[in-house]
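> Residues per chain are reported as follows:
2 protein chains.
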Amino acid sequence: MSGHHPQESWESWNSRDSTTIREEETFELGEDGDLQGNPPKKSAMKYKDGSSIDWLHEEALERERDYVKKSQKSIRSLLSIWADSARVWLVVVATGIGIGVAGAWLDVLVKWLGDLREGRCQAGFFYNQVSCCSGLDPGEFCTDWQSWSEYFSVRSIFAQSLLQSSIYVTLAVLFSGSAAFLVNIYAPYAFHTGIPEIKAILGGYVFDAFLTPWTLLIKALGLALAVASGLSLGKEGPLVHVACCMAYMLSRFFNQFKHSEAQKRKLLAAAAAAGVSVAFGSPLGGVIFCLEELDTFALESDVMWRGFVASAIAAVSLQYIDPFGTSKLVLFQVTSGGDTWRAFELIPWLTLGVIGGVLGSLLIKLNVEIALYRKNSVLNQYPILEVATVSAITAAIAYLVVFTRVQSSELVANLFQECDPARGDYHGLCNPTAMWENVFLLLISAAIKLVLTAWTFGMMVPAGIFLPTIAIGACIGRAVGMLTQSIQTAYPKAWLFLSCPPDPTIRCVSPGFYSVIGASAMLGGVTRMTVSLVVILFELTGALSHVLPIMVGVMSAKWVGDALGEDGIYNVWIAMRQYPFIPPVDYNDRGRTAADAMRPFGTLVKIQEGHSTLKDIENLTNKYDFHGFPVVRGRDLIGYATRNKLLSFLGLHLSADTSIKKCRFSSPKQQLPSVENNIDLTACLENSILHLRKEVPQAVVVRMFQKMNLHQILFTHRGQLDGMLTKADVVSLLAAHFPHTGALSAENER
Amino acid sequence: MSGHHPQESWESWNSRDSTTIREEETFELGEDGDLQGNPPKKSAMKYKDGSSIDWLHEEALERERDYVKKSQKSIRSLLSIWADSARVWLVVVATGIGIGVAGAWLDVLVKWLGDLREGRCQAGFFYNQVSCCSGLDPGEFCTDWQSWSEYFSVRSIFAQSLLQSSIYVTLAVLFSGSAAFLVNIYAPYAFHTGIPEIKAILGGYVFDAFLTPWTLLIKALGLALAVASGLSLGKEGPLVHVACCMAYMLSRFFNQFKHSEAQKRKLLAAAAAAGVSVAFGSPLGGVIFCLEELDTFALESDVMWRGFVASAIAAVSLQYIDPFGTSKLVLFQVTSGGDTWRAFELIPWLTLGVIGGVLGSLLIKLNVEIALYRKNSVLNQYPILEVATVSAITAAIAYLVVFTRVQSSELVANLFQECDPARGDYHGLCNPTAMWENVFLLLISAAIKLVLTAWTFGMMVPAGIFLPTIAIGACIGRAVGMLTQSIQTAYPKAWLFLSCPPDPTIRCVSPGFYSVIGASAMLGGVTRMTVSLVVILFELTGALSHVLPIMVGVMSAKWVGDALGEDGIYNVWIAMRQYPFIPPVDYNDRGRTAADAMRPFGTLVKIQEGHSTLKDIENLTNKYDFHGFPVVRGRDLIGYATRNKLLSFLGLHLSADTSIKKCRFSSPKQQLPSVENNIDLTACLENSILHLRKEVPQAVVVRMFQKMNLHQILFTHRGQLDGMLTKADVVSLLAAHFPHTGALSAENER
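Sequences listed follow chains A and B, in order.
Using full-length UniProt numbering, you'd call the opening residue of the first sequence number 1 and step up by one each time.
Using full-length UniProt numbering, you'd call the opening residue of the second sequence number 1 and step up by one each time.
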């Protein structure tokens, strides 16, 4: 464990947030007592923010509750079981509807704020451009919508564009500045995407301050402002966070979730699926995302079902509200479904995959460097100013380059479309004479967006990385597609293009679909996800035959990206912020065993049976903030006592003679010097303690932590304790290859 | 462990199949040596058919191989790593294409054989009715296709129908008889659906005879014959088996899969996904099915990706071949996508859910009873005759009732359609005056199909349960839909129906969609799956708004079914055949601990360090067929030695003095009487051995076996061995509630 002291880092996790985070947690619904007035169960463990829950313990508690309820054969207990289940479904369904509605209104709000940057509606200030001009016959000119220069009756073209651009930039700065202000003052945890934190929380990290209603409100509002400001960010990740906040808020109305960290997490997993479902209009994508990226359904089989229900209900709610009146669920409808593809196209698609992998890695590296710079420079002091400046720069550049002026979602939607004379031209993309200009502009836009995204993702505003990544990839993909198309039309007789239809008026290469591949590849490079990306993009395009090219793009990008840098951007942020999250990866232990990683016996803080007194134990619990302590007799392992149980025992038994009586843990009495002078602490021992031999390969140990959500493993040899390994140790083992581990952790912020 | 002796049942698994199954395994590609001529690794474990693999051991081996390859920094080792990966993908892609092609040709074959029962094509014997009559103008009458009475120029109507029906029944008997003959003589493992076995194999059961090319051939051929014979069975489950056989066959060409049971299983998981994908034309459904029902992706994260790739490629291949020229992937296209539904329809849908749950349970119970009867009666002796008789009865009844005469898939496709005057009437279903007759006929058909399916599923032919279940559910659903519709049209002003459009010509209730719900509910009742069913049916209907009703149907059926009987039909068969499969369910231990389930110390077969001699160990390995033996010193646990390692050690060290030298397992030497007279067997100990306290709740132990694919857990207290629990014990623990556990196991067949 090269230099890094595992239990210490553990302790710091435990202690640090109790001061920095607890202040936020203002949302407490009533006291801890049961609704029926029963006192809270003694065995329910209290976790501080920043600690990790003990899954085995939590699940044991839940089983116990279940068992108690089911063993009482009364109608009341039967009703209580039904009510428990009904409450779960109530929260799941309400979260689904809630996030569907929230997603729809967010879209409406963003559209209105975004349009406000260009003009206003005469019929009413609160109409956006589309609804302002709705109800017109085709061909009729929309007079209700006025650009600002029309509104202020400016005639000179120079003054017009000056006015338009300055209002555009000013409003952008105003929106993003208010978002940053809100986040900075009211809910600092509402910044960023939220997915790294959700991953950690679902894995057992306790971080309730991250899910308060206050955070929910600020994140949703700030997100709308930030997206409308035109900053290079998306709403996808933050929507997952919003959905989780919603589920948490709803769950607080019921005591059954308050007392069970495990139940709470199962609800959050379902909420996360609903969030993705709304963000992409892809209900199955939501389920698979939770499965692959959040690794949540390892929890229990019915979590997948709940996630699916929540995600379907969310998608249906969104479709029912139909914010844009298109009755389409997906943002970027792709129309090229019917087209077939040819084998030679694999060459540009593989190229796109490689580009996606390289640029994805570059984006991650750039983002990390900027985050470190922000942290260690004077920028740290002025987060709002930083947001305002970046937003002003973004808006100014955006106003100059045509492809960046529209909102990213609109740009992507247009790039995904094929050129079709019947449906008009998007930003001049379909003008065949301007091909080189367009390719140049697309590549410039991609480069600008890459840098801006790397900067934006991590600023003090809610910001998702999905949409900007898609936009970068779509620009590059379209450019490659247009190049391929121009080569094909220039040399239609080349052997490579023989599979194309001989009739030159029939399109052989579909640049719009290249955009989709480019976006897939870029997403693959940045997030390193596989199945969920393909499913999401499959639900966008709808055409089964196009799944294979998307797979090729995602897979080659992932391979190239993995070769250049190990992790996706979410895992990089988890490592930088040092959350106790064990990624579901295969760990290559290079032949090392647990003995190389464990804290050896000598360095452990232990309770010595027959030696330690209650006073000693009290001192121990005061001095160390560990989750628990191994109990030994000499070197023989007796068991493992959790801090919580010791504390509650101490609370009951602290009397005058604490410094005399020795502790006993169900040892045969004759082994202890005098029977009167000892006190039985057997009740403090944990039952579910895993022992392994220290010769076990590290990969097996890691697998155990991953699969069983363990908190610690003890290593014994013939009954003697050799050492111990905690979740924190495993986390640092897995993050050891990443150079900036913990660089942004709250610990370092003090 | 009420009466059931775990280690004994274990032994019988090990021993029984070595005689009954080994004979089948004729497919061996070359010798066990490496392609490069290296001798096989000493540490590779050999498993007999009928045993369970040791996942931890297999994975450790794989890691070791990986490590060795990666630590050699030569180009050769790099190429070898690439080649390994390339071979995996080669097999995955080839399996995908293979099963896509096989599925398409199966469809063609079934269609041709099925049509042959009614007539023949003049233009060529090998055309089916559709291709025989293709190329005609609309309205033109097809003269090429002749019914048998036309072919034999029979004029009298009575003689016509006699001839037609006797040819119909005769061919049905002939087809099903040949299928049963083929299965019975050449590949007994090709009978039934195959999914229970695949589940067990993916969980670690060793059953190579189940996956031979011979089984592949007979299963595919027999399946076509059985489906064409009109027996009440489907092709879905068997296609999964066929896909797995294909992957196994392809994998045998490469040594890397021969030596690794874990790698082989990862391939099989991908193949199973491809099989489902082809069976339903639902690539995502395939992935989710593997996830939910086969519980395979717990293995490793990249297995899901492989499964997805295989399943997409299979679906694309199927679509590319396009066996029916419809360029539609799914069998039962549903056209009612655009319709909305009303709240009052929840009442009939919930009713359908309840009916599905009740009938599903009934079907399972009936099927179990028939299987037991078949086993214990004289039927056991005449499997082919049984098939022929049931097939004759099925065909005779089918000829009488209009809805059962067509093939199930055609019936289902028609029941799923809404009545539309433009598209003609299906079997008179849309005749509003014959409503009551139709409802009656539908219910009769459902009842007939239910009994026939319960009988057919388990006979000596390849048989899936999905399609017949869908057909039963679709009949009932359609009947309920027609009843609802008639009530609504009779009382359009009732408050319940106020949400319907006032115009009576606009359809308010869509009976076709009720069919879909009925099918979902019935499937839910029989299989107890949730997400994968909904995804498969969602991919069939395509309409997001209809996902919610399908969910309601599946969920209520599952609840009712679970209340009536615990398990889905696959798990019931697994229990009856006593495969070592641990279902991924929550185990309710009712407060019991591992101490109640484990084999206590006294009953264990142990190796006593310092007492046992090599001779003793030889006797032990000859006498007991266990996977391994705990090594103790007194009661102190030293370790666990696998039979395999002991055998290979014995092979090297068996010399004259075996009965004198005592065994030593890395004990300090002074503890043993004389240093010269002992021999060091430390190398035989396993590293990855889990110890727990016996006070651990059973639920935790079960969870460990489920998640970690363990083979055994040892229970210790202060270094002393208290007992042991093996996978076999856990399997019988989980199957204890089922009354007929092991009733059909191979053991009982002798």
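Treat the hints loosely; a few may be bogus.
Unchecked claim - Below are the DSS-like pairs computed for lysine-lysine, each with C-alpha atoms no more than 30 Å apart in a straight line: (1) Lys694/B - Lys707/A; (2) Lys694/A - Lys707/B; (3) Lys623/B - Lys662/B.
Derived from the structure by calculation, the hints contain no laboratory data.
> For each hint, tell me whether it holds in the structure or not.
Hints and how they fare:
A hinted pair counts as satisfied when its Cα atoms are at most 30 Å apart, and Lys694/B with Lys707/A qualifies at roughly 21 Å. The straight-line distance between the Cα atoms of Lys694/A and Lys707/B is roughly 21 Å, inside the 30 Å bound, and the hint therefore holds. In summary, the hint linking Lys623/B to Lys662/B is supported, as the alpha carbons are separated by about 19 Å, within the 30 Å threshold.
Checked against the numbered hints listed earlier, the structure breaks none of them; every hint is satisfied.
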